[in-house]
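2 protein chains.
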Amino acid sequence: MGLISFVEVDLDSHFPIENLPYGVFRPSSACGGGDAAAPRPGVAIGDFVLDLSVVSSAGLFDGPILKNSPCFLQASLNMFVGLGRPAWKEARLTLQRLLSVDEPILRDNSSLREKCLLKMSEVEMLLPTVIGDYTDFFSSMHHAKNCGLIFRGPAKPIQENWFHLPIAYHGRASSVVISGTPIVRPRGQAYPTGSSPPYFGPTQKMDFELEMAAIVGPGNELGKPIDVNIAADHIFGLVLMNDWSARDIQAWEYVPLGPFLGKSFGTTISPWIVTLDALEPFACEAPKQDPEPLPYLTESKHVNYDIPLEVWIKPAGHEHPVLVTSSNFSNLYWTLTQQLAHHTINGCNLRPGDLLGTGTISGPEEGSVGCLLELTWNGQKPQNLNGTIRKFLEDGDEVVFKACCKGKGYNVGFGSCTGKIQPAIP
Amino acid sequence: MGLISFVEVDLDSHFPIENLPYGVFRPSSACGGGDAAAPRPGVAIGDFVLDLSVVSSAGLFDGPILKNSPCFLQASLNMFVGLGRPAWKEARLTLQRLLSVDEPILRDNSSLREKCLLKMSEVEMLLPTVIGDYTDFFSSMHHAKNCGLIFRGPAKPIQENWFHLPIAYHGRASSVVISGTPIVRPRGQAYPTGSSPPYFGPTQKMDFELEMAAIVGPGNELGKPIDVNIAADHIFGLVLMNDWSARDIQAWEYVPLGPFLGKSFGTTISPWIVTLDALEPFACEAPKQDPEPLPYLTESKHVNYDIPLEVWIKPAGHEHPVLVTSSNFSNLYWTLTQQLAHHTINGCNLRPGDLLGTGTISGPEEGSVGCLLELTWNGQKPQNLNGTIRKFLEDGDEVVFKACCKGKGYNVGFGSCTGKIQPAIP
Ligand SMILES: [Ca+2]
Ligand SMILES: [Ca+2]
Ligand SMILES: [Mg+2]
Ligand SMILES: [Mg+2]
Ligand code: NI
Numbered sequence: 000m001g002l003i004s005f006v007e008v009d010l011d012s013h014f015p016i017e018n019l020p021y022g023v024f025r026p027s028s029a030c031g032g033g034d035a036a037a038p039r040p041g042v043a044i045g046d047f048v049l050d051l052s053v054v055s056s057a058g059l060f061d062g063p064i065l066k067n068s069p070c071f072l073q074a075s076l077n078m079f080v081g082l083g084r085p086a087w088k089e090a091r092l093t094l095q096r097l098l099s100v101d102e103p104i105l106r107d108n109s110s111l112r113e114k115c116l117l118k119m120s121e122v123e124m125l126l127p128t129v130i131g132d133y134t135d136f137f138s139s140m141h142h143a144k145n146c147g148l149i150f151r152g153p154a155k156p157i158q159e160n161w162f163h164l165p166i167a168y169h170g171r172a173s174s175v176v177i178s179g180t181p182i183v184r185p186r187g188q189a190y191p192t193g194s195s196p197p198y199f200g201p202t203q204k205m206d207f208e209l210e211m212a213a214i215v216g217p218g219n220e221l222g223k224p225i226d227v228n229i230a231a232d233h234i235f236g237l238v239l240m241n242d243w244s245a246r247d248i249q250a251w252e253y254v255p256l257g258p259f260l261g262k263s264f265g266t267t268i269s270p271w272i273v274t275l276d277a278l279e280p281f282a283c284e285a286p287k288q289d290p291e292p293l294p295y296l297t298e299s300k301h302v303n304y305d306i307p308l309e310v311w312i313k314p315a316g317h318e319h320p321v322l323v324t325s326s327n328f329s330n331l332y333w334t335l336t337q338q339l340a341h342h343t344i345n346g347c348n349l350r351p352g353d354l355l356g357t358g359t360i361s362g363p364e365e366g367s368v369g370c371l372l373e374l375t376w377n378g379q380k381p382q383n384l385n386g387t388i389r390k391f392l393e394d395g396d397e398v399v400f401k402a403c404c405k406g407k408g409y410n411v412g413f414g415s416c417t418g419k420i421q422p423a424i425p
Numbered sequence: 000m001g002l003i004s005f006v007e008v009d010l011d012s013h014f015p016i017e018n019l020p021y022g023v024f025r026p027s028s029a030c031g032g033g034d035a036a037a038p039r040p041g042v043a044i045g046d047f048v049l050d051l052s053v054v055s056s057a058g059l060f061d062g063p064i065l066k067n068s069p070c071f072l073q074a075s076l077n078m079f080v081g082l083g084r085p086a087w088k089e090a091r092l093t094l095q096r097l098l099s100v101d102e103p104i105l106r107d108n109s110s111l112r113e114k115c116l117l118k119m120s121e122v123e124m125l126l127p128t129v130i131g132d133y134t135d136f137f138s139s140m141h142h143a144k145n146c147g148l149i150f151r152g153p154a155k156p157i158q159e160n161w162f163h164l165p166i167a168y169h170g171r172a173s174s175v176v177i178s179g180t181p182i183v184r185p186r187g188q189a190y191p192t193g194s195s196p197p198y199f200g201p202t203q204k205m206d207f208e209l210e211m212a213a214i215v216g217p218g219n220e221l222g223k224p225i226d227v228n229i230a231a232d233h234i235f236g237l238v239l240m241n242d243w244s245a246r247d248i249q250a251w252e253y254v255p256l257g258p259f260l261g262k263s264f265g266t267t268i269s270p271w272i273v274t275l276d277a278l279e280p281f282a283c284e285a286p287k288q289d290p291e292p293l294p295y296l297t298e299s300k301h302v303n304y305d306i307p308l309e310v311w312i313k314p315a316g317h318e319h320p321v322l323v324t325s326s327n328f329s330n331l332y333w334t335l336t337q338q339l340a341h342h343t344i345n346g347c348n349l350r351p352g353d354l355l356g357t358g359t360i361s362g363p364e365e366g367s368v369g370c371l372l373e374l375t376w377n378g379q380k381p382q383n384l385n386g387t388i389r390k391f392l393e394d395g396d397e398v399v400f401k402a403c404c405k406g407k408g409y410n411v412g413f414g415s416c417t418g419k420i421q422p423a424i425p
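Chains as they are written, first to last, in numbering that gives the first Met the number 0: chain Z, 0 to 425; chain A, 0 to 425.
Keep in mind the hints are simulated off the structure, nothing from the lab. Treat the hints loosely; a few may be bogus.
No distinction is drawn between identical chains; accordingly, a pair holds when it is met within one copy or between any pair of copies.
Stated by the list, open to error - With a cut-off of at most 30 Å between alpha-carbon atoms, the simulated DSBU-like pairs for lysine-lysine come out as follows:
| hint | residue 1 | residue 2 |
| --- | --- | --- |
| 1 | K380 | K419 |
| 2 | K223 | K313 |
| 3 | K223 | K390 |
| 4 | K223 | K419 |
| 5 | K313 | K144 |
| 6 | K144 | K155 |
| 7 | K88 | K66 |
| 8 | K155 | K390 |
| 9 | K405 | K313 |
Based on the sequences and whatever the hints tell you, model everything.
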C-alpha cells in the first residue's frame with residue numbers, strides 16, 4: 000500500500016500501519032495512577048499502543064462523523080463499533096494519516112506523542128467490548144465430520160441439517176476472558192462406566208478449540224433480520240478465540256440441549272480486533288456449497304479470508320512451545336456473513352460488541368485439525384510434543400494461538416491468544 | 000402476618016404488604032416529562048408502585064447497609080440484587096415499616112406520598128435487570144418425558160444424564176423482553192419432507208413454554224463454585240417466563256448443539272420480581288430424587304415453592320381468554336438451588352441480574368402440561384378453546400401466564416406475563 004509510519008515498525012511485526020487493530024487497554028500501574036488507569040480504546044502500531052482517548056481529546060478526529068463523538072472516551076469499543084462502517088472508514092483514514100511519516104501533527108509534537116503513544120509492554124489489555132451475547136458456530140466441515148465420527152460413529156458423521164444451515168449454540172458471555180487469563184481446570188460430571196454412578200472430579204479431557212470470532216457492529220432490532228448481502232456491514236472485525244472444552248463433561252451433558260458446563264468455564268479471546276477493512280487484501284473465495292443454500296443464505300459475494308492459524312503448546316515445566324497444528328480461516332464452509340444472516344433470520348437481535356465464534360477451524364489434513372479431541376482422536380493417539388506425551392492438556396500447559404496474514408512486504412496479524420491451565424480447586 | 004398498609008389493597012390483589020415485589024418502571028409520558036421519565040426501581044403495593052428512587056432520596060432507607068447506598072438511584076436493579084441477602088432483608092423491613100398503617104412518616108406526608116406512590120396504570124414497566132446471561136434449565140420430569148416421547152419415541156424418552164444433573168442450555172439474553180411486548184412470528188428452516196429441500200418460511204408450530212425464572216443475586220467469581228447449601232443466598236427472587244418456541248425450527252436445528260433460532264426470537268418475563276423472602280411461607284418439600292444426587296447436588300434443605308400457575312389464551316378476534324393449562328412450580332424435579340450449584344460447579348461465573356429459567360413446568364396430568372407441544376401432542380390432538388380450534392398459536396393470539404400463591408388472608412402473586420403473536424415479516 001506504500002504507507003509508512005513515523006513510528007518504527009519491525010518488518011515481522013503483526014501491527015504495521017496497514018493493520019491498525021482496535022483494543023481496550025489500561026496503562027500499567029507503573030506508569031500512571033488514579034484516573035490514568037481507566038480503561039480506554041487504543042490501536043496497535045508496531046510495539047506501541049496509540050491511546051485513542053488522548054487522540055480524541057486533542058481534537059485530531061476531525062472527520063464529519065467522529066468530530067464531536069465521545070466514542071473513544073469510553074471504557075469499551077461498543078459505542079464505536081455501533082456507529083457502523085462509515086465511522087470505521089473515517090477512523091481508519093484519520094489514523095493512517097496521523098501516523099503517516101508525511102504528517103507532522105503528531106510526528107513533530109513530542110509532548111502529545113509521549114502522551115498518546117505507549118509501549119505495548121507497559122499497558123494491560125482488557126476485553127475490547129462488553130459482550131452482550133456470545134454465540135458459537137460450527138462452521139468447519141472437517142471439524143463437524145471428525146466430531147461426528149468420534150462421538151456418534153461412522154454411520155452418518157455429519158447430520159443432514161449441517162449442510163443446510165450454519166449450526167450454532169449460545170455460549171456463556173460472562174466467562175469470556177482476555178488472552179493471558181489463567182484457566183482453572185473445571186470439575187464436573189462425566190460418563191458413568193457400566194452401572195456405576197457418573198464420575199465426578201476435575202475434567203480428564205481438557206482441550207482447546209482453535210477458533211476466530213467476529214465482533215458485531217451496529218446489529219439489528221428485534222424482529223428485523225439482516226440481509227446476507229449487507230451482513231458484512233455488521234461485522235467490525237475478528238479476534239482469535241480459544242473455546243476451552245472439557246470433553247468428558249461435554250459428552251455426558253450435551254444430549255439433548257447442547258454444550259453447557261463443558262464449555263462455560265472459560266473462553267479466551269485475543270485483545271486486538273483486526274478490522275474487515277484491514278483484512279480486505281486477504282479475501283478469498285469461500286468453498287462452493289452443495290446443496291445450494293436457501294435464498295436467505297445465498298450471497299453475491301461469498302468470501303473467506305486467507306488467515307494462517309497456528310496452535311503452539313508449551314508443556315508444563317518446559318521452556319519451548321511446540322507447534323501442534325496449522326490451519327487456516329479459509330477452511331470454513333459457512334462464511335461470516337452467512338452466519339450473521341442466519342442468526343438474525345428469526346428476528347433475533349444482535350447488539351454492538353456481541354461475539355460470534357466460528358467454531359473450531361479444522362482443515363482436511365491430519366496436521367490441520369483445531370483441537371486435541373481430533374488430533375489425538377479422543378485420546379486414542381497420544382501426541383509427542385518434542386518428547387512430552389499428551390492426550391489432553393495437563394495442569395501447567397500453556398496454549399498459544401497465533402494468526403498472521405502475509406501481505407506484500409507487510410503483515411496483518413492478530414498477535415496471540417494464550418492461556419495456561421491451572422489445577423482444579425480441591 | 001398481621002401486617003396492614005395504609006395503602007388500600009384489595010383482598011384479591013397480588014401485591015399486598017406481605018409481597019412487595021421489585022421492578023423497574025418509568026412514569027408514563029402523561030404524568031411526567033424530561034428527567035421524570037428515567038427508569039427507576041419500584042415495589043408494587045396494591046394498585047400502586049412505590050418509587051424507590053424517591054424513597055431513597057428522601058433518606059427513608061435508614062438501615063446500616065442501605066443508608067448511603069445509590070442502589071435505588073439506578074436504571075436497573077442490578078446493584079441492589081448484587082448487595083445480597085442482608086441488604087434485601089433490610090430493604091424489606093424498611094419498606095414494610097414505611098408502608099404500615101402504624102407508621103406516620105409516609106402516611107401523613109401527603110406531598111411525599113404523592114411523589115412516591117404512583118398508580119400502576121400510569122407507569123410503564125421495563126426489564127427489571129440488565130441480563131448479562133440467560134440460562135434455561137429443563138427441570139420438570141414430566142416435560143422431559145413428553146418431549147422425549149414426541150421427538151425421539153417411546154424407547155427411552157428421558158436420557159440417562161437427565162436424572163444425574165439439571166440439564167440446561169444457554170439462552171439468548173438480547174431478546175428477553177418485558178411482559179406485553181408483541182412477539183413477531185419467526186421465519187426459519189424446518190424439516191424437509193422426503194427428498195425435498197427444507198421448508199423455509201414463517202414457523203407453523205408457534206408455541207409458548209410456561210416457565211419461571213430466578214434472578215441471580217451476588218453471584219460468584221470465575222473459578223469459584225457456589226455450594227448448594229448457600230445457593231439460596233444467590234437467588235433474589237422469581238418472575239414468570241414465557242420461553243416462546245418455534246417447534247418446527249427447533250426440531251430441525253437442535254441436533255447436536257441444542258436449541259438456537261427456535262427460541263432466540265423472544266422470551267418474555269413478568270415485570271415484578273417476587274423475592275424468596277416473600278415466598279418463604281409457600282416453601283414445600285421438593286420431590287425425592289432417585290438416584291440420589293452426587294454430593295455437590297445434595298442439599299440439607301431440599302425445597303420447592305407451592306406456586307399455582309395458569310396459562311390463558313385469548314384467541315385472535317375473541318374477547319375472552321380461555322384457561323388452557325394449570326400447573327405448579329412444585330412440579331420441578333431439580334430445585335433452584337441445585338440448578339444454581341450445578342451451573343457454577345465448573346467455575347462458571349454468575350453475575351447479578353442473570354436470569355435462570357426453570358424449563359417448562361409440566362405436571363403429571365394432561366391438563367397440567369406447560370406448552371402446546373405437549374397439550375396437542377405436536378399438533379396431533381388439536382385443542383378446543385371455547386369453540387376455537389388450535390394446534391399451535393395463530394397470529395393475533397394472546398398468551399397470558401398468571402401465578403398467585405394463596406396465603407392465609409393474603410396473596411403473594413406475580414401479576415401476569417403476556418404476549419401477543421404478530422404476523423411474520425413478509
Ligand atoms: Ca466451539
Ligand atoms: Ca424452555
Ligand atoms: Mg468456552
Ligand atoms: Mg425464548
Ligand atoms: Ni448469553
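Hint-by-hint comparison with the structure:
1. Proximity of K380 to K419 under the C-alpha cut-off of 30 Å is restricted to the intra-copy arrangement: shortest distance 23 Å within a copy versus 55 Å between copies.
2. When the C-alpha separation of K223 and K313 is checked against a cutoff of 30 Å, the pair qualifies only between copies, where the shortest distance is 26 Å, while the shortest distance within a copy is 46 Å.
3. Taking the closest pair of Cα atoms, K223 and K390 come within 30 Å of each other only across two copies (27 Å); inside a single copy the shortest separation is 46 Å, beyond that limit.
4. Taking CA atoms no more than 30 Å apart as the test, K223 paired with K419 passes between copies only; the shortest distance there is 17 Å, against 41 Å inside one copy.
5. Taking the shortest Cα distances, K313 and K144 sit within 30 Å of each other inside one copy (28 Å), while across copies they are farther apart (47 Å).
6. For the identical chains of this complex, K144 and K155 are neighbours both inside a copy (9 Å) and across copies (26 Å), given an alpha-carbon limit of 30 Å.
7. For the homomeric pair K88 and K66, the shortest alpha-carbon distance inside one copy (14 Å) is at most 30 Å, but the shortest distance between copies (49 Å) is not.
8. Taking CA atoms no more than 30 Å apart as the test, K155 paired with K390 passes inside one copy only; the shortest distance there is 26 Å, against 33 Å between copies.
9. Taking the closest pair of Cα atoms, K405 and K313 come within 30 Å of each other only inside a single copy of the chain (25 Å); across copies the shortest separation is 62 Å, beyond that limit.
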